[in-house]
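Asks: Residue strings, one per chain:
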Amino acid sequence: MQNVWPYVIGAYAVTGVGLVALVIAVTLHLMRWSRRAREESQR
Amino acid sequence: MSAVASVFKRELALAWRTGGPAAPVGFFLGATTLLPLAMGTDRALLQSAGPPLIWVTAALAALMTLERLFQADLEDGSLDQLLLGAAPMELIVLAKGAALWLAVGLPLAIAGAPAAIALQTPLAAVPAIVASLALGMAAFIGVGLIGAAVTAGVRRGGVLIALIVLPFFAPAIIFGAAVAGHGGFGAAFLMLAGCALGAVALGPVAAAAALRLQAE
Amino acid sequence: MLDALANPQRFMAFSAWATPALALLAALLFAVGIPWALVYSPADYLQGDSARIMYVHVPAAWWALMIYGFMGVASLIGLVWRHALADVAARAAAPIGATFAGLCLVTGSIWGAPTWGTWWEWDGRLTSMLVLFITYLGYLALWSAIEDEAKAARLAAILCLVGVINLPIVHFSVTWWSTLHQPASVFRPGGSAIDPSMLAPLLIMAGAYAALFGALLLANMRAAIYQRRVEAAMTRRARSA
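Residue numbers (my numbering), protein chains in the order written: chain C, 1 to 43; chain D, 1001 to 1216; chain S, 2001 to 2241.
The reader is advised that the hints may include incorrect statements.
Unchecked claim - Reference excerpt, derived from the structure (chain D facing chain S, CB under 10 angstroms, subset only):
#1 Glu-1067
#2 Val-1130
#3 Thr-1151
#4 Val-1154
#5 Gly-1181
#6 His-1182
Since the hints were made in silico from the structure, they are not lab data.
Where a beta carbon is used, it is the ideal one built from N, C-alpha and C, also for glycine.
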């Protein structure tokens, strides 16, 4: 019976990286536009 | 009804004047003969790789012709004229698609015969391949109408059309390759016919909706 | 409640607290779900520990499908009622759904390597899921390619609706074609066939993905509304200059 744990860890790692990357991208996107909106309203 | 017929005739005449099936069929035959040159003469290998190659090349040839389908009409204002006319846009789009099938799809299907023979397909299977290609091109065009309509205003939208339309080509390619591989006129052929029917029925409807939006 | 959210002002007020709340909920559910899935849940009697991949693969698959369905509904509302917030919602959901679909394919491939002995197989479920992923990409590409926001929204909505036909194909692919991917174990007539000791962490993870989708969806929608405000202000300034 082969050791499947590398695969399990690999799958969870890929998922973690993917989801974290998505969260970071969305957060940065939101921060960028909320900052610009604040600047616009102050003009 | 006559507006639809005149669109159909005009599209055929245009296709004929701009070389008709020459470019897509030329590409199709060229690409399918390229494989045997690259693969060598292993008969069994050619027989298994042949059908998928024929179908992928046919799909790519269809994409080539779809790219500019509505672009010119959008740019020169004839799209607005067609929308203002009495004939329903869905029928006009269907007429364009039908003309494209007659001018390119059917010749390409017939060209499938020499291509299949070059790829060492047994002679008995060739009629099924030609018939399935005719259906397949109808399916590609039906679905491609949607992609062309939705990307009509985009500059250099060729790759975009391919990306959008590829998922919907998948069923036709799957069943078509199955027919070419070993299916004859069996279950896969019927499924392919179903895909073609569905694409021809629904494609013009969605495409017409998109074209109305393009003209706003 | 949806009516209350239809107004952009009220939506911004709602999402101001709802986004962090959902993010917190997601973090909590992942914090509970992942250890449960990795350590405390039982190993499968056939597949052993590799079945633990199910807890990241299946929720990603479920939500990739449901998000596309959400986009379909939003697209329909945007087309029929010309509701700007509906268009925003569809666009905002797309990258999340695409990511989940991609993760489903990758984790599924990793799961298949030790269990089926192959990294990929052209069976019905995998093929239709790949088609869904490509459809997501085409949808995103179309939005980016068209400059006019309103026109992009309408055309992308049509594309999204045409692609809805793939959803039943993905779901029923395992019943229509019995090839490699295992048949439905949860969403099937007669109810779930999974043991409760595995169903519980699976549902927790599904809830985690759901909360994450909610938080990210609202965040993307907020960003889109800010973006529209900025562009409107810039247009106003350019006109009065």
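Asks: Determine for every hint whether it applies to the structure shown.
Replies: Okay, the hints, checked on the actual structure:
The beta carbon of Glu-1067(D) comes no nearer than 14 angstroms to any beta carbon in chain S, farther than 10 angstroms, and the hint placing it at the interface is violated. Residue-level restraint check for Val-1130(D) is violated (minimum Cβ-Cβ distance to chain S is 25 angstroms; threshold 10 angstroms). Evaluation of the Thr-1151(D) hint against chain S yields a held restraint, the C-beta minimum of about 7 angstroms falling below 10 angstroms. Hint status for Val-1154(D) relative to chain S: holds, with the closest Cβ pair at about 5 angstroms, below 10 angstroms.
For Gly-1181(D), the shortest C-beta to C-beta distance to chain S is roughly 13 angstroms, which exceeds 10 angstroms, and the interface hint is violated. Hint on His-1182(D) is violated. Least Cβ distance to chain S is approximately 16 angstroms, over the 10 angstroms limit.
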